[in-house]
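So the sequence lines, in the order shown, correspond to chains A, B and C.
Note that full-length UniProt numbering has the first sequence beginning at 1, numbered continuously upward.
Note that full-length UniProt numbering has the second sequence beginning at 1, numbered continuously upward.
Note that full-length UniProt numbering has the third sequence beginning at 1, numbered continuously upward.
Please note: incorrect hints may appear among the correct ones.
[Said to hold, decoys possible] Derived pair list, reagent style SDA-like, types lysine to any residue, alpha-carbon separation capped at 25 Å:
#, chain 1, residue 1, chain 2, residue 2
1, B, 111, A, 17
2, A, 16, B, 155
3, B, 29, A, 355
4, A, 133, A, 109
5, B, 110, C, 8
6, A, 356, A, 337
7, A, 356, B, 262
8, B, 21, A, 165
9, C, 8, A, 59
10, C, 245, B, 287
11, C, 245, B, 104
12, B, 269, B, 287
13, B, 111, C, 245
14, C, 245, B, 269
15, A, 16, A, 79
16, B, 21, A, 210
17, C, 224, B, 101
18, A, 61, A, 33
Please keep in mind that the hints were generated in silico from the structure rather than gathered at the bench.
As the structure is a computational prediction, the values presented were derived from the model and not from experiment.
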Amino acid sequence: MADVILNVKNLDISFKTSAGMVHAIRGIDFDLERGETVAIVGESGSGKSVTMKAAMGILAKNAVVNSGQIDFTYTNEDGELGTVDILEKDKKWLRKHINGKRIAMVFQDPMTSLDPTMNIGKQLVEGILLHTKLSKDLAYMKAVSLLKEVGIEDAEKRMKQYPHQLSGGMRQRVVIAIALSCDPNLLICDEPTTALDVTIQAKIIELIKKVQKERGISVIYITHDLGVVAKVADYVNVMYAGKIIEKGLTNEVFYDPKHPYTWGLLSAMPDLETDDDRLYTIPGSPPNLLHEVKGDAFSPRNRFALEIDDIEEPPMFQITKNHFAATWLLDPRAPKVEMPTELRERLDRMKKEASKYDSEL
Amino acid sequence: MTANYNAEPLLKVENLKQHFKVSNNYTVKAVEGVSFEIYPGETYGLVGESGSGKSTIGRSVIRLYNPTDGKITFNDTDITGHLSRSDKTMLRTQMQMIFQDPMSSLNPRKKVEDIIGEGLDIHHTYSSKAERDKKIKEILAKVGLAPEHASRYPHQFSGGQRQRVGIARALIMNPKLIIADECISALDVSIQAQVVNLMKDIQAETGAAYLFIAHDLSMVKYISDRIGVLHLGHLLETGTTEEIFSNPIHPYTKSLLSAIPEPNPVVEKNRVALTYDYKTSGINYNEGTEHLVGGTHYVKCTDAEFEKWSK
Amino acid sequence: MDAYFVLKKQNEDINIDSNYASQSFWKEVRHRFFHKKSAVVGLIFIILIVFFAIVGPGMTEYDYSTQELTQKNFAPRVPGLENLGILDGTETLSTTTGSKEINQYEAGGHDDLYYWFGSDMYGRDLWTRCWSGARVSLIIAVAAALIDMIIGMSYGLISGFFGGAVDMVMQRLLEIWNGIPRLVIVTLLLLILRPGMITIIFALMLTEWVGMSRIARAEMLKLKEQEFVLASRTLGAGSFFIIFKEVLPNIIGPIITQVMFSIPTAIFTEAFLSFVGLGIPVPQCSLGSLISDGYDSFTTHPYQIIPPIIIMALLMLSFNLLGDGLREAFDPKMKEM
């Protein structure tokens with residue numbers, strides 16, 4: 001387990017609001033190995049962004065960490081490996097040693113992370129100077145080579161341009177260049193492509209994949225777009241109402257989902273062959289975490305809910321070595337419930353198509 | 001009810017141009033000569049990236065903007081230029097719009113019942129308060145909201161619920177055409193599917209036609225009967241969903257189709273999207289003319305390009 | 001336990017989404033407001049001053065205009081406190097032969113009289129005059145601020161909504177109007193019209209609405225491109241419906257805040273006008289004219305100027321604190337304004 005760089009254990013976070021305590025994260029465990037890509041999938045309000053903010057140590061002031069540990073292993077200034085619990089360090093220390101240096105973040109809207117009054121070059125060079133001991137000239141050269149690395153042509157010319165002079169895709173590339181400027185160990189991408197057009201989305205994702213491969217860094221994707229997850233992730237964690245309800249290898253979760261919520265998510269996204277009159281959907285909307293959840297939080301929206309779901313929260317059932325799901329349907333005592341036929345057919349179709357590339361499936 | 005192609009088109013847009021004058025020597029040409037038709041009960045999908053002019057077309061058609069040039073015929077009435085009082089009433093009741101952002105499309109200081117009932121209030125289409133309440137409750141049930149939601153304010157709802165309120169507001173006027181301007185792109189995936197199902201149910205029940213504007217091709221394919229592909233204000237290719245997806249002609253359409261993400265890990269990881277760059281492609285949209293590929297499938301290009309691509 | 005491992009009965013209601021949050025806008029505003037102590041202090045002082053402005057003049061047997069020339073320039077004397085040696089009616093007079101302490105009440109044989117704030121140079125009770133002055137000042141300020149609000153708001157909303165040429169003309173007119181020094185307008189106006197409360201309100205109204213109209217216009221420009229306004233237009237709503245029914249309820253926060261800030265400005269302007277002699281005609285008084293009167297005998301009888309100054313200072317401070325609190329309560333993100 002020497003290669004685990006981020007280990008989140010039993011994380012539990014509430015937010016103090018004027019209406020009362022909102023229990024946003026209700027016990028999360030996951031880990032991330034070096035060079036690996038993990039996707040955290042969930043709807044808005046499922047707690048996926050809060051989890052990552054906790055990992056960056058940039059939780060809002062009204063957040064209360066009830067329990068948990070976030071161990072981050074990184075190479076420090078002397079080139080040695082060190083491990084810290086991010087929740088125990090104060091924000092000042094984190095800003096100096098971790099944020100933007102060992103863990104970098106790429107946000108959804110590139111405009112929010114770029115300073116509109118500074119040109120691209122200055123923003124890049126300043127970031128490099130702040131976190132490394134390079135001289136100005138070297139920092140400038142590094143900035144140019146970073147821009148080239150993220151696929152920006154005429155890098156020297158672009159250095160003098162301002163964010164508003166670039167297209168959306170170009171801006172996101174610059175943001176990625178800034179994120180990479182300090183050779184981070186971990187890159188967190190928070191919905192990096194939702195603000196972009198489909199044709200550019202694909203390019204940005206390919207870029208992140210390329211950079212990750214070349215540099216051997218770990219990447220966490222936070223997204224609700226299953227297409228993105230399918231393209232990039234090795235592992236998937238599906239979150240619902242502040243808990244991880246299914247996790248496993250991407251192929252396991254996509255080709256053999258076990259949790260009814262994952263079924264719903266997968267079938268809500270029509271593939272190009274979907275001809276059914278209706279999409280199978282998850283009814284209702286996510287619960288309000290202001291109220292304490294009794295039993296399974298998903299139960300009110302679950303077409304396959306068991307009586308026990310209202311009484312006790314399901315534990316994580318292990319399906320294969322890596323594949324887990326938190327649903328009572330996996331309990332040996334539960335009645336046998338199959339996924340909806342529409343989805344079954346879809347998955348068969350997907351597997352068939354996939355077998356063109358990978359004969360094992 | 002399915003689309004009725006034998007009838008006269010419900011909406012006919014001919015050579016629509018929409019320019020915005022930014023300053024004395026700079027004009028944004030958002031829409032450049034776009035023509036299409038929508039038949040009663042049909043869903044016409046308009047796809048394109050941001051800045052392609054797809055939202056502008058929707059807004060010009062519903063006359064939030066005054067079209068620079070071209071002709072829009074709706075319900076056998078010319079709705080370009082100055083509108084007479086009765087034409088205006090017809091337009092404002094028969095054509096409705098569902099907006100993109102569920103946060104800003106509902107007035108935060110109005111109760112849901114007043115938001116939904118606004119059209120009724122403006123056009124005085126009820127005789128008593130009881131009738132108004134009844135209509136609102138019926139619409140609420142139709143879009144899957146509980147009656148007690150009527151007296152709540154928009155901020156008490158989730159995104160999907162708000163979008164349902166937006167749909168109810170459009171629906172209460174019994175429109176013949178609903179313009180759905182990116183109405184699902186701000187929603188979560190599972191909620192998107194709910195809203196799309198709801199829109200399909202409503203169409204089956206009321207026979208309304210949709211102009212479905214979106215950038216998500218997989219949803220557009222799922223919901224649309226016909227599709228128009230828009231880029232930089234030009235309608236590059238149009239045809240039935242089948243025609244466009246099985247036989248795309250224009251390189252831009254091809255690149256769009258190749259970029260659709262699929263929830264299929266192995267396939268996704270092996271897929272490389274086609275690139276398309278207008279500047280380096282050597283295509284000039286302004287020189288293109290409409291070419292018939294077959295059936296209802298048209299593509300906008302020059303004769304030489306048409307020959308090259310359709311081989 | 002095993003008995004619970006059966007599928008739950010599904011009813012049709014699963015398709016009806018009945019989730020909602022219970023928080024209401026006004027509840028949050030209240031919550032944020034009462035969490036800001038300075039705003040609450042401001043509110044309490046305003047309530048106190050308004051309370052005394054209403055009942056204060058009736059608490060004594062005097063009225064604000066009756067002169068009692070035999071009882072002029074009495075120092076403050078309060079029952080109860082007089083036994084403690086403060087506010088017992090004595091004052092120190094400095095004369096050419098040195099200072100001496102006298103008590104007018106004892107000297108004149110008025111042991112049964114109590115002027116809580118003292119009396120002025122015409123023997124009028126200052127307590128009564130202060131509170132009726134505060135009453136006049138408050139009425140003028142609130143009335144002026146409200147009328148400003150209505151004029152400025154309508155002007156700004158209309159200008160912002162129609163935009164283009166309408167906006168252009170309206171804004172240029174406003175700039176010209178704003179370019180004329182306000183004191184000139186007010187002075188000329190007070191010379192032409194009969195001085196009095198209505199005239200002062202009118203004068204304040206003519207000059208103060210500009211700020212309000214700017215705020216209303218800015219808010220309108222921000223809101224008119226919002227989708228809910230577009231939605232109203234696609235439903236066929238008329239311009240005035242959109243301006244007053246759709247947009248106005250959304251800018252009520254900044255408007256109330258602005259009113260709270262324009263009240264102290266109006267109080268001050270009124271006081272200033274009274275101080276230079278352009279205000280309320282005698283024997284009526286306002287805080288400004290009281291300060292002006294007290295100023296005349298400031299060196300000999302300083303107690304005469306202190307109460308109106310304190311009331312005015314408290315009033316202005318409190319309204320500013322209240323406005324500040326309201327601004328943050330309505331829009332917690334707007335702190336930097």
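Results for each hint:
no. : hint          : verdict
1   : B:111 x A:17  : holds, 24 Å
2   : A:16 x B:155  : holds, 19 Å
3   : B:29 x A:355  : violated, 47 Å
4   : A:133 x A:109 : violated, 30 Å
5   : B:110 x C:8   : violated, 38 Å
6   : A:356 x A:337 : violated, 30 Å
7   : A:356 x B:262 : holds, 15 Å
8   : B:21 x A:165  : holds, 20 Å
9   : C:8 x A:59    : violated, 38 Å
10  : C:245 x B:287 : violated, 48 Å
11  : C:245 x B:104 : holds, 16 Å
12  : B:269 x B:287 : violated, 38 Å
13  : B:111 x C:245 : holds, 13 Å
14  : C:245 x B:269 : violated, 53 Å
15  : A:16 x A:79   : violated, 40 Å
16  : B:21 x A:210  : violated, 42 Å
17  : C:224 x B:101 : holds, 15 Å
18  : A:61 x A:33   : violated, 30 Å
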